[in-house]
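> Take a look at the letters that make up each chain.
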Amino acid sequence: MTLWQLITKEIRLRWVGFVLAVASVLVAVAVLTAQLTLLAAHDLSTQRILAQKQADTEAEMRRMEDDYRKIMKALGFNLLILPAGQSLEEFYAEGRVTADMPEQYATKLAGAGLMTINHLLPALERSIRWPEQDQRPVVLVGMRGEVPLARGEPMMVPVPPGSAVIGDGIRRSLALKVGDSITLLGRKFAVDSCLPERGTKDDITIWIGLRQAQEMLGARGRINSILALQCLCEGSDIASIRRDVGRLLPGVQVIELASKTRTRAEARGRAAAAAKTAIEAERVHRARLRRDQESFMAWLLPLVTLGAAIWIGLLASMNARERTPEIGILRALGLRSRQIAAIFLARAALAGLVGAVVGYGVGFAVGLLSGETAAGAPGAAALFMPGLLGLVVVAAPVVAGVASLSPAVVAARHDPAAILRNG
Amino acid sequence: MSRMLQITDIHKRYRKPEGTVQALRGVSLHVAPGEFVVARGPSGCGKTTLLLTAGGLLSPEDGQVLVDGRDPYALAPEDRARLRASTVGFVFQEFHLIPYLTVLENVMVPSLALPVRAPRERAEELLEHFGLSARARHVTAELSTGERQRAALARALFSRPRLLLADEPTGNLDPENSAAVLEHIAEFARAGAAVLMVTHDDRAEDYSHRTLRMQEGGLVSAELVDSPGASGGLSR
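Line by line, the protein sequences are chains A and B.
Just so we're aligned: the first sequence equals residues 539 to 961 in this note's numbering.
Just so we're aligned: the second sequence equals residues 55 to 290 in this note's numbering.
Next up, chain A with everything else stripped away, as it sits in the complex (with noise of 0.2 Å):
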């Protein structure tokens, strides 16, 4: 015979309340790892989403980056001709350019009828001083607007005579607005419009009609640069292009404008910081979401625990008062206060230790079919924590017992003389 025997025993006997006992461990130990495992569905399920929607951006961004070279390479190249004595060493170290070319290049180029070339600018521009202005560095261009071509709308309107478009540093360091009115090496021009700032000389730049550059400056007839825009070619090479420009225009030197590479970066840049902002918004949101959760059960699983503790204390109390007569019979016979204790405080530890391995199962299961586990992302193995299965099997037999202190004190030092008199 044993105490072992005895309680399990006993058990069997008082079957209802033990089971209560265990049902109420069962409920906190299943909300917890219900809750736990939601968590961790949760957090499995925040991976997969980032990792998937990263994984789509990447995906996203590539096919953009070939849009944009197929819309890039659709679009042509955009070349910038300039005179046969320019120095190109001076337009890239400095960028600018001294050189000058007849205007009427540009009319013998639109003339010619290439097929790969579908729109071009003449210009003129010039580094000046601004004399009403205290001599500030400014860069003066001359815009004829698109030379027509055979086909294809233009691309660009001229500025009208007597108006000018000015950069940004200029608008703002001079305060002017749409309609207001400059003076520029003498002649007066009504501000047509203002650009965004651009970070490039463009801020510093002021644009106004072709004629009115050549005579303030003094280069009637002449341009220094031709844009062409939209430059088809086979075989994503200028080779072709240069060839027939160079047999139209002997001398002049044909090159590649950086914007295709400019407005492919930006477009990716943009695209990239998009994505960057969508990725931290799911997090934010996912954090929120988890965030939401941890408070439901820090709230609930005290509420939880306490209501099991309370009710497994007032199922000891029942039980302890229901056994009084044994407790006596127990003492006389020679039981010591705490083998008297150890039975109720093995009780209650039983029943903590069977809530809680079948209130882990409960709990468990009851994560995986809900909610984002239901969906399916993570699976069974991934979301199985030991860690808190063993936490559980300590802590809610020692809980179960620390509940059911009291009343297997009470019990053990019951006077057995009382019992045993009263019958």
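Treat the hints with care, as some may be off.
[To be verified] DEER-style ranges, computed between Cβ atoms:
no. : chain 1 : residue 1 : chain 2 : residue 2 : range
1   : A       : 908       : B       : 175       : 54 to 64 Å
2   : B       : 196       : A       : 540       : 21 to 31 Å
3   : B       : 169       : A       : 920       : 45 to 55 Å
4   : B       : 96        : A       : 859       : 28 to 38 Å
5   : B       : 169       : A       : 830       : 56 to 66 Å
6   : B       : 175       : A       : 917       : 51 to 61 Å
7   : A       : 933       : B       : 132       : 30 to 40 Å
[To be verified] Reference excerpt, derived from the structure (chain B facing chain A, CB under 10 Å, subset only):
no. : residue
8   : 109
9   : 111
10  : 144
[Stated by the list, open to error] What the simulated footprint calls covered on chain A by chain B, stretch by stretch (three residues with Cβ under 8 Å from a Cβ of chain B suffice, anywhere in the stretch; the number is not a length):
no. : segment
11  : 617-627
12  : 708-714
13  : 871-883
It should be emphasised that the hints constitute simulated quantities derived from the structure, not laboratory data.
Virtual Cβ for every residue (Gly too), placed ideally from N, Cα, C.
Given the coordinates of chain A, assemble chain B onto it according to the supplied hints.
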């Protein structure tokens, strides 16, 4: 002559809402090994209090109790429990069998307090002696009243106590079962144990060596009777 139980001038009062009850007033008695002593008296005369005090379960306010030469109330609670487990057997009118254990397990319960060599064999030996072998696997609810009291007696004797304290053990039994129980107790005394039984069953006197009369918490007389003999007792 050695004394297994020596009680000297013990007093015990109960404080109740309706007033103080003097349960024992200067009771003195002794029980020697092999002696079967019966204390008789009307209900409420302090018989049960005397028995509980003698068994180390109820401390007297005055006087001294010696069990096998030791004062249980001078011992620490754990040692007092050990003394009870090793030396004293109890039998009660209400049996106090544990309802969820079988008869065999009930008899073995004292082994929880004091390890006994070959406990199952000892329990089966007792059940056979008390004619309960066929009931060994039954729970107590399936026993007759007489069988229950014999099971309780077997439990009391399981640890081979040298002092048996019996409180109205025949109180709920019919004459036939009463006679059987009394014979078992007398047999135990003949085997060398000391027995103090409190009862108001006058048939007990036929089995005892001495009968003490109690009234209002005190002993009023003692009668010596012929020894029922020491042969044929239960092996201790």
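> If a hint holds in the structure, say so; if it does not, say that too.
Hint check results:
1. A:908 <-> B:175: 54 to 64 Å: Between residue 908 of chain A and residue 175 of chain B, where Cβ atoms are some 58 Å apart, the hint holds.
2. B:196 <-> A:540: 21 to 31 Å: At roughly 23 Å between Cβ atoms, residue 540 of chain A and residue 196 of chain B fall inside 21 to 31 Å, so the hint holds.
3. B:169 <-> A:920: 45 to 55 Å: At 51 Å between Cβs, range holds.
4. B:96 <-> A:859: 28 to 38 Å: Roughly 32 Å apart at Cβ, these two residues keep to the hinted range, so it holds.
5. B:169 <-> A:830: 56 to 66 Å: 59 Å, holds
6. B:175 <-> A:917: 51 to 61 Å: Holds: the Cβ-Cβ distance is about 57 Å, inside 51 to 61 Å.
7. A:933 <-> B:132: 30 to 40 Å: 31 Å, holds
8. 109: 7 Å, holds
9. 111: 4 Å, holds
10. 144: 5 Å, holds
11. 617-627: violated (count 0)
12. 708-714: n = 0 at 8 Å, threshold three: violated.
13. 871-883: holds (count 6)
Hint compliance for this structure: hints 11 and 12 are not met, and every other hint is.
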